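Colleague: Let chain A serve as the given structure and place chain B on it in line with the hints.
These are the residues of each chain, in order.
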Amino acid sequence: MIVPIALLGASALGVFAFRKRIELAGPLTIAALAMALWYVVSSDVDATSEVIGLQMRLSPLARLAAALLLGSLSLLVLAVWVDEPAYNFFPTALASGAAVIAVLTLTSPIAIYCALLLALLVPVGSFTFQVHRNRSAEAAYRHYSFVALGGCLGLAALALAGSLPR
Amino acid sequence: MLMLGLVAIGTLAANGARQLRYTAIAFLAVALAAHLLAGPAITIAQISVSACAAIVTSGILFIAARDGGFGEDPGWRLWLATIVAASATAAAFAFLRTTSNEDVRITLIGEDPSGITHEAAAFWLLSSGIAILLTARGAVRGSLGALLMLTGTQLLVTLVPGPQLAYTLLLSWLQIVVALAGAFLIVNERAVREL
Chain A
1 MIVPIALLGA
11 SALGVFAFRK
21 RIELAGPLTI
31 AALAMALWYV
41 VSSDVDATSE
51 VIGLQMRLSP
61 LARLAAALLL
71 GSLSLLVLAV
81 WVDEPAYNFF
91 PTALASGAAV
101 IAVLTLTSPI
111 AIYCALLLAL
121 LVPVGSFTFQ
131 VHRNRSAEAA
141 YRHYSFVALG
151 GCLGLAALAL
161 AGSLPR
Chain B
167 MLMLGLVAIG
177 TLAANGARQL
187 RYTAIAFLAV
197 ALAAHLLAGP
207 AITIAQISVS
217 ACAAIVTSGI
227 LFIAARDGGF
237 GEDPGWRLWL
247 ATIVAASATA
257 AAFAFLRTTS
267 NEDVRITLIG
277 EDPSGITHEA
287 AAFWLLSSGI
297 AILLTARGAV
307 RGSLGALLML
317 TGTQLLVTLV
327 PGPQLAYTLL
337 LSWLQIVVAL
347 AGAFLIVNER
357 AVREL
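Residue numbers (the numbering used here), protein chains in the order written: chain A, 1 to 166; chain B, 167 to 361.
Chain A on its own, in the form it takes in the complex (with noise of 0.2 Å):
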């Protein structure tokens, strides 16, 4: 499971750096979330993986939830090519089309959560847009302050929870 997850963060890296060329940005993000879309619904069913210690298992429902989450990032990358080209769009979707596979294959809860804060930070790229114009650099920075301090409580209460002695 890891090489979806691998694909679509390689693809994040290599389309943020043309991003702001959307006849290119656009299509490679349709295709790099139209691969991993393609090898989450073709891999078996239980299908287990370990990565340094991390246990990962895709289970039928995380399969059906990866399939119908990729497909509407994909629905939406189109919509903001074709309609309202936003070119930090891009590489956000394919970097959270990673972190939302990771959330649904990973067994860990700590890890789980991880990749869960790292999927609602990385979006704060998208959400500033015309910062003169409108308040959106207000409302991208209440966004980042309510994912730490709600994510950072989550993860220690969860760190506590696991090392008490059982």
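Honestly, I wouldn't trust all of these hints.
[To be verified] What the simulated footprint calls covered on chain A by chain B, stretch by stretch (three residues with Cβ under 8 Å from a Cβ of chain B suffice, anywhere in the stretch; the number is not a length):
#1 43-57
#2 67-79
#3 136-146
[Unchecked claim] Restraint ranges, calculated between C-beta atoms of paired labels, are given here:
#4 A:82 <-> B:242: 44 to 54 Å
#5 A:64 <-> B:328: 26 to 36 Å
#6 B:214 <-> A:50: 20 to 30 Å
#7 A:53 <-> B:232: 34 to 44 Å
#8 A:85 <-> B:232: 20 to 30 Å
#9 B:260 <-> A:150: 35 to 45 Å
#10 A:10 <-> B:222: 14 to 24 Å
Note that these hints are calculated values from the structure, not bench results. Keep in mind it's a predicted model, so treat the numbers as computed, not measured. Just so you know, even glycine gets a beta-carbon here, dropped at the ideal spot from N, CA and C.
Modeller: Just chain B now, with coordinates in the frame of chain A:
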């Protein structure tokens, strides 16, 4: 105990700094002291990854400042944040400490097998981060609060049994993404302010 003192002084320095570049340097000191505090409980590989992440994070904040004079004056928020952090640390330590009923021997330099300094540092960093984040006016102090909270969380995660290197890698990446998002917000806020 010495490292706990360094963490506390570094946090106060980062909290009181008026320039973002000083905040970044103070955060580096806090992060390195916090990871050294974990001591023999964590491996060399984990310390290397955490130290790298701390250096990269501080570098990101340092570059985001663009010039030595840019920052946010904490004013009265410094005192409020410090009082709230100190009270919350004492309360959290009293209620949430996970290991108890054992002999406690604290030395100035050396190991702390009871884990008292480890958990006290984690609660102090979490409380300070919350207090700074809640009293922040903008992304400069907001980013500092988020990074301090994450450093405290990293200390607590080292107490959890499991694949520690993987957790360290994930949390280090999370720290870098928090710093990148914070730097992005700082740059955007500055653009709005300088219009």
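Colleague: Confirm or reject each hint.
Modeller: Tested hints:
1. 43-57: It holds, with 4 qualifying residues against the three required.
2. 67-79: violated (count 0)
3. 136-146: Holds: 5 residues of the region 136-146 of chain A have a Cβ under 8 Å from chain B.
4. A:82 <-> B:242: 44 to 54 Å: holds (51 Å)
5. A:64 <-> B:328: 26 to 36 Å: Since residue 64 of chain A and residue 328 of chain B have Cβ atoms about 28 Å apart, the given range 26 to 36 Å holds.
6. B:214 <-> A:50: 20 to 30 Å: holds (22 Å)
7. A:53 <-> B:232: 34 to 44 Å: Because 40 Å falls inside the window, the suggested range holds.
8. A:85 <-> B:232: 20 to 30 Å: At 28 Å between Cβs, range holds.
9. B:260 <-> A:150: 35 to 45 Å: Roughly 24 Å apart at Cβ, these two residues miss the hinted range, so it is violated.
10. A:10 <-> B:222: 14 to 24 Å: holds (19 Å)
This entry does not satisfy hints 2 and 9, going by the numbered hints stated previously.
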